[in-house]
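J.: Here are the chains, one letter per residue:
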Amino acid sequence: MTTFIDYLLGGISGGVIIALMALAIVLVWRSTRVVNFAQVGQAMFTTYVALTVRDQTGNWIIALAVALVAGLVLGLIVHWLVIRPVKRADTSGAIIATFGVLIALQAAAGMIWGGDMRGYAPPVSNDGIELGGRVWPFSAYDILVVAITVALVVGLTLLFTRTNMGLAMRASAFNPEVARLSGVRVGRSLAYGWMLAGMVGAVAGVLVAPVSQVSPNSFDILLVFAFTAAVIGGLDSLVGAVTFGIGTGLVISLVSGYSDASNAPVVALVLLALNLLAKPDGVFGHHHSRAV
Amino acid sequence: MLTVSELSVSYGAVRALSGVSLEVPVGEVTAVIGANGAGKSTLMRTLAGLVKPASGSAALDGEKITGRKAEDIVRMGLALVPEGRSTIPDLTVEENLRLGGLWRNRAERSASQAEVFDLFPILAQRRTLRADTLSGGERQQLAIGRALMAKPRCLLLDEPSLGLAPLIVTQILELVSGLAKNSGIAVLLVEQNAVTALRVASTGIVLNLGEIVQSGPAEAIRSDEQLRHAYLGY
Numbered sequence: 068m069t070t071f072i073d074y075l076l077g078g079i080s081g082g083v084i085i086a087l088m089a090l091a092i093v094l095v096w097r098s099t100r101v102v103n104f105a106q107v108g109q110a111m112f113t114t115y116v117a118l119t120v121r122d123q124t125g126n127w128i129i130a131l132a133v134a135l136v137a138g139l140v141l142g143l144i145v146h147w148l149v150i151r152p153v154k155r156a157d158t159s160g161a162i163i164a165t166f167g168v169l170i171a172l173q174a175a176a177g178m179i180w181g182g183d184m185r186g187y188a189p190p191v192s193n194d195g196i197e198l199g200g201r202v203w204p205f206s207a208y209d210i211l212v213v214a215i216t217v218a219l220v221v222g223l224t225l226l227f228t229r230t231n232m233g234l235a236m237r238a239s240a241f242n243p244e245v246a247r248l249s250g251v252r253v254g255r256s257l258a259y260g261w262m263l264a265g266m267v268g269a270v271a272g273v274l275v276a277p278v279s280q281v282s283p284n285s286f287d288i289l290l291v292f293a294f295t296a297a298v299i300g301g302l303d304s305l306v307g308a309v310t311f312g313i314g315t316g317l318v319i320s321l322v323s324g325y326s327d328a329s330n331a332p333v334v335a336l337v338l339l340a341l342n343l344l345a346k347p348d349g350v351f352g353h354h355h356s357r358a359v
Numbered sequence: 426m427l428t429v430s431e432l433s434v435s436y437g438a439v440r441a442l443s444g445v446s447l448e449v450p451v452g453e454v455t456a457v458i459g460a461n462g463a464g465k466s467t468l469m470r471t472l473a474g475l476v477k478p479a480s481g482s483a484a485l486d487g488e489k490i491t492g493r494k495a496e497d498i499v500r501m502g503l504a505l506v507p508e509g510r511s512t513i514p515d516l517t518v519e520e521n522l523r524l525g526g527l528w529r530n531r532a533e534r535s536a537s538q539a540e541v542f543d544l545f546p547i548l549a550q551r552r553t554l555r556a557d558t559l560s561g562g563e564r565q566q567l568a569i570g571r572a573l574m575a576k577p578r579c580l581l582l583d584e585p586s587l588g589l590a591p592l593i594v595t596q597i598l599e600l601v602s603g604l605a606k607n608s609g610i611a612v613l614l615v616e617q618n619a620v621t622a623l624r625v626a627s628t629g630i631v632l633n634l635g636e637i638v639q640s641g642p643a644e645a646i647r648s649d650e651q652l653r654h655a656y657l658g659y
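Heads up: the sequence lines are chains A and B, in that order.
Counting from 68, one number per residue, gives the positions in the first sequence under our numbering.
Counting from 426, one number per residue, gives the positions in the second sequence under our numbering.
No wet-lab data here; the hints were simulated from the structure.
One thing to keep in mind: the hints can contain errors.
[To be verified] Pairs of lysine-lysine, PhoX-like flavour, derived with a Cα cap of 25 Å:
#, chain 1, residue 1, chain 2, residue 2
1, B, 489, A, 154
2, A, 154, B, 494
3, B, 576, B, 494
4, B, 477, B, 489
[To be verified] Listing some non-contacts, in silico: residues in chain A with all C-beta distances to chain B over 12 Å:
#, residue
5, 240
6, 245
7, 251
8, 254
9, 280
Note that beta-carbon positions come from the ideal geometry of N, C-alpha and C, so glycine has one too.
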């Protein structure tokens with residue numbers, strides 16, 4: 068029983084990072100009905116930017132802030148330069164194009180920063196906290212990760228429910244025509260979706276970096292887990308992405324603990340397949356809002 | 426006043442509207458009637474900026490609206506309630522209304538919302554509920570309410586009777602006609618249900634295969650038996 072609880076605790080911070088990446092995928096899907104496979108590539112790229120800033124300034128917070136801004140900008144660039152023009156011709160083409168963006172970003176990162184694994188030291192200790200005479204598999208860094216994620220999710224929730232921009236974004240996602248007829252500049256709302264997703268992904272990248280380290284491909288596996296969580300959550304649902312992101316993190320931790328870490332991706336994909344067979348719209352998905 | 430002159434619309438090789446000219450005066454309901462496929466919805470969607478006309482123009486109080494984007498046309502004062510109860514089911518009643526006037530300031534918005542709640546008291550009761558919990562008639566009221574949140578000078582209603590009980594349709598249309606008179610809005614109403622539409626309208630326009638075949642006082646059109654047989658099918 069103690070081991071079980073340890074494995075669960077150990078899965079939390081990994082889970083919230085998956086949740087963030089899944090959230091980014093959902094934000095893009097909601098705005099443009101495109102699954103952005105380049106999301107982890109964008110996060111990888113902005114994490115390299117953060118790493119560079121960190122090397123220069125030695126400050127973790129400044130590096131995170133720069134990554135946020137870089138994420139916003141990169142999201143906007145990918146949307147304007149690639150997705151918008153391609154999507155005008157063909158929606159499924161846009162999804163393929165995101166693969167192109169992923170490969171291009173990985174290649175560019177390799178050229179700029181090289182292909183070696185680079186460490187990303189956490190700002191606070193990543194060792195298990197000692198409490199009540201034993202060491203728990205939960206570190207000060209895990210607490211920071213959870214706190215930042217909670218703050219971000221609360222911020223996004225307020226943005227979507229309390230602000231005009233959030234309402235315009237939701238309306239544009241649910242029914243672009245009614246949104247336009249209501250005076251909403253839908254094109255702008257879609258761009259905001261990509262920018263927010265880029266920002267959320269950038270946070271996920273910086274937070275996962277101390278664990279995964281940074282290389283052009285080191286976030287690839289995160290895509291598998293985040294995509295699984297986003298799809299099981301319903302692709303449309305922010306709540307679903309967060310819930311199943313954390314859930315996926317816990318499952319991975321249990322699978323890695325009781326068997327081997329290399330089995331985790333397989334288990335994730337099996338869960339994804341089972342979900343698609345049983346409930347293709349996802350647990351929190353809206354059937355009616357799916358394009359046929 | 427909305428002025429439409431020589432408006433033509435084509436979908437590829439198919440001509441959906443040819444040379445339609447009409448006027449929608451303030452304070453009145455003008456009804457466009459005609460069978461399925463007559464071009465009624467095309468007319469509305471073109472005026473609202475969702476469809477680009479092949480030729481011709483439309484102007485609101487002398488200001489040209491054709492060629493502008495839908496999101497700008499509504500800000501200029503022409504609001505469309507599209508066919509099929511165009512509310513957003515995932516949003517609450519209040520959010521649907523807020524959406525209708527998002528670019529206006531808070532004070533203007535709450536004044537308009539108070540007017541909408543006066544007109545449709547049921548919406549005030551349901552304000553925190555999601556739109557998909559409303560009945561068909563309530564949803565149509567919400568769709569009209571959303572359009573009114575833009576404080577339009579011209580309101581376009583596309584088939585508001587679709588799928589609603591006749592009694593509810595009459596109630597809603599009478600409210601709209603009262604609104605036109607009291608608030609000085611020009612209302613253009615498109616209906617397949619000619620009897621109901623002509624009852625609230627002052628002017629009737631009969632559209633057939635994209636062309637206006639008859640227009641005049643609603644009363645005259647209602648009593649023109651030949652016209653009814655030929656184009657309205659009853």
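J.: Now, for every hint given, state plainly whether the structure supports it.
T.: Here's how the hints hold up against the structure:
The straight-line distance between the Cα atoms of residue 489 of chain B and residue 154 of chain A is roughly 31 Å, outside the 25 Å bound, and the hint therefore fails. For a cut-off of 25 Å, the pair hint linking residue 154 of chain A to residue 494 of chain B stands: about 20 Å separates their Cα positions. Taking the CA atoms of residue 576 of chain B and residue 494 of chain B, the gap is about 18 Å. The hint holds against a cut of 25 Å. Taking the CA atoms of residue 477 of chain B and residue 489 of chain B, the gap is near 14 Å; set against the 25 Å cutoff, the hint holds.
Taking the minimum C-beta to C-beta distance to chain B, about 9 Å, the non-interface status of residue 240 of chain A is violated against the 12 Å cut. Listed as outside the interface, residue 245 of chain A is inconsistent with that label: its C-beta sits roughly 5 Å from the nearest C-beta of chain B, within the 12 Å cut-off. For residue 251 of chain A, the condition that its CB be more than 12 Å from all CB atoms of chain B is violated, with the nearest at approximately 6 Å. Residue 254 of chain A, annotated as away from the interface, has a beta carbon of chain B within 12 Å; the closest lies near 9 Å.
Listed as outside the interface, residue 280 of chain A is consistent with that label: its C-beta sits roughly 40 Å from the nearest C-beta of chain B, beyond the 12 Å cut-off.
The structure is inconsistent with the numbered hints 1, 5, 6, 7, 8, although it conforms to all the rest.
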